[in-house]
Amino acid sequence: MESDRRGQWLRGVLDICVLALLAERESYGYQLAQSLDAAGVGPIQGGTLYPVLLRLQKTGLVTAQWREGTAGPARKYYRLTDDGHTALRQGGAAWLTFVGPVNDIVTKGVAR
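Position 88 of the sequence shown, counted from 1, bears residue number 88 in the working numbering, the numbering being contiguous throughout.
Rather than coming from a laboratory, the hints here were simulated on the basis of the structure.
Note that this is a predicted model, so its numbers are computed, not measured.
Don't take every hint at face value.
[What the hints assert, rightly or not] Okay, the calculated beta carbon distance ranges per label pair: (1) G100 / Y30: 26 to 36 Å; (2) R89 / R55: 13 to 23 Å; (3) G100 / G46: 26 to 36 Å; (4) A93 / T63: 48 to 58 Å; (5) R89 / L54: 21 to 31 Å; (6) G7 / P101: 36 to 46 Å; (7) D104 / G46: 29 to 39 Å; (8) R89 / G47: 23 to 33 Å; (9) V106 / D82: 28 to 38 Å; (10) T81 / G46: 15 to 25 Å; (11) W95 / P43: 19 to 29 Å.
Note that the Cβ used here is the ideal one computed from N, Cα and C, for glycine as well.
Given only the sequences and the hints, what does the whole structure look like? Please build it.
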């Protein structure tokens, strides 16, 4: 049940997390997955991450560019667009507005 719950939460916020990471710097898929894991979100499979990146690209929130690697295959680098920055600000603000009361409710329930 715990992994099901985590999966549901991720579906709701993974796009915002990806936009936030890309606001820091451009990146490729595997590097984004590593950053999410290192931040404590947990491991993200390519079958979860790459559809999100494709959707963000199709909606104009990110651009993508293939680059030859110095060691290994070419990588597709993603970069936030101006619309992506706007979506991050709006979506991030909405998330923070939502998660604040949820944290309060859960904190009170756990403290009992």
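Status of each hint after checking the structure:
Taking 26 to 36 Å as the suggested C-beta distance range, the pair G100 and Y30 conforms, at roughly 33 Å. Look at R89 against R55: about 19 Å separates their beta carbons, and that is inside 13 to 23 Å. The hinted window of 26 to 36 Å between G100 and G46 holds, with their beta carbons roughly 32 Å apart. Look at A93 against T63: about 23 Å separates their beta carbons, and that is not inside 48 to 58 Å.
Taking the beta carbon of each, R89 and L54 are about 22 Å apart, inside 21 to 31 Å as hinted. In this structure, G7 and P101 break the distance hint of 36 to 46 Å, their C-beta atoms being roughly 23 Å apart. Distance hint for D104 and G46: a CB-CB separation of about 35 Å, consistent with the stated range 29 to 39 Å. As the Cβ distance of R89 to G47 is approximately 29 Å, the hint placing it in 23 to 33 Å holds.
For V106 and D82, the Cβ-Cβ distance of about 36 Å falls inside the hinted range of 28 to 38 Å, so the restraint holds. Here the CB-CB span from T81 to G46 is close to 23 Å, well matched to the stated 15 to 25 Å. For the pair W95 and P43, the supplied restraint of 19 to 29 Å holds, since their beta-carbon distance comes to about 21 Å.
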